[in-house]
Amino acid sequence: MSAPLATRPVKPRSAWKTVVAFAIVAVITVWAGIGVGADLGDIIDNWGNATGKLVQLMQPDYWFFPETVDAILETLQMAVIATAIGAAVSFPLSFAASHVTNPNRPLLTVVRGIMNVVRAVPDLLYAAVLVAVVGTGALSGILALIVFNVGIIVKLVSEALDSVDRGPQEAALAAGGTWIAADRSAVAPQIFPAFVSQSLYTLELNVRASAVIGLVGAGGLGMLIDNVRTFYKYHQLSLIILEILVIVLALELISSWARRKLVG
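Numbered per my numbering, the sequence shown spans residues 1 to 264.
The set of hints was computed from the structure by calculation and includes no laboratory data.
The structure displayed is predicted, hence computed values, not measured ones.
Be a bit skeptical, because a hint or two may be false.
[Unchecked claim] The calculated label-pair distances, taken between Cβ atoms and stated as ranges, are:
| no. | residue 1 | residue 2 | range |
| --- | --- | --- | --- |
| 1 | V69 | R229 | 16 to 22 Å |
| 2 | V121 | I43 | 28 to 34 Å |
| 3 | I24 | D162 | 40 to 46 Å |
| 4 | G35 | A174 | 54 to 60 Å |
| 5 | Q190 | L245 | 32 to 38 Å |
| 6 | D70 | G177 | 47 to 53 Å |
| 7 | G37 | D165 | 49 to 55 Å |
Virtual Cβ for every residue (Gly too), placed ideally from N, Cα, C.
Using the sequences and the hints, build the whole thing.
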């Protein structure tokens, strides 16, 4: 007697779940649009004004480039300084914010709570407050970027620490080593590539962020953007946007190469 043929399992019907999910998202989106007073008619009515501005943005004023060199250099300097200091501060804080490397639960809770508050505040708000404290210019921008960097790097690196192989650490502790010694010798080498990668990624973010925080007087290209925008010089604004794009792409290529060399 031949064995019965195996039957293919019935594919569960989940199409209705997808439809329900899309319907829920659509309802929430419409509700949010009504709540903020979004009106597509305004976009249609004012499209003529936007067309003229877009045409100007497509025609960069390259003769304006010499006026942007100092702002570009200041932006890069701000990004490098903020990344270096932010990474140096974030490295030990990342170990204090991970339950794998910090056995002191009260300290762990305090550090994580502070980092949650740091990340909750937008970088633009940090810049606005620091401009009021230390004045306009690069210093307030650097300080704002440092705080911004610490919140990002500690979050990402501490999460990477939570998933490391604890075998070497447990062996170091069993041999009589302290927690600090075990973290330094057994955990730090594992996490260092991720730390380098996140620091390089933060450097890219700093260039973008500096163009935004400068709108409140925190130095860099952002201050130049604010000045140009105030006088509706869209041809010059177009050149600045193009320069930011080139800088970000160049930094992305450099950081990708550095990651391959340093991280492996």
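*Does the hinted range 32 to 38 Å hold for Q190 and L245 at CB?*
36 Å, holds
*If you check the beta carbons of V121 and I43, does the distance land in 28 to 34 Å?*
32 Å, holds
*Is 54 to 60 Å right for how far apart the beta carbons of G35 and A174 are?*
58 Å, holds
*Outcome for the supplied range 16 to 22 Å, where the beta carbon pair is V69 and R229*: Because 19 Å falls inside the window, the suggested range holds.
*Take a look at whether the Cβ-Cβ distance between I24 and D162 falls inside 40 to 46 Å.*
At 32 Å between Cβs, range violated.
*asked:* Please check whether G37 and D165 have a Cβ separation lying inside 49 to 55 Å.
replied: With Cβ atoms ~53 Å apart, the hint holds.
_Given the hint of 47 to 53 Å, is the C-beta distance from D70 to G177 inside that range or not?_
Hint holds: Cβ distance 52 Å, inside 47 to 53 Å.
Violation of the numbered hints given earlier is confined to hint 3; every other hint is satisfied by the structure.
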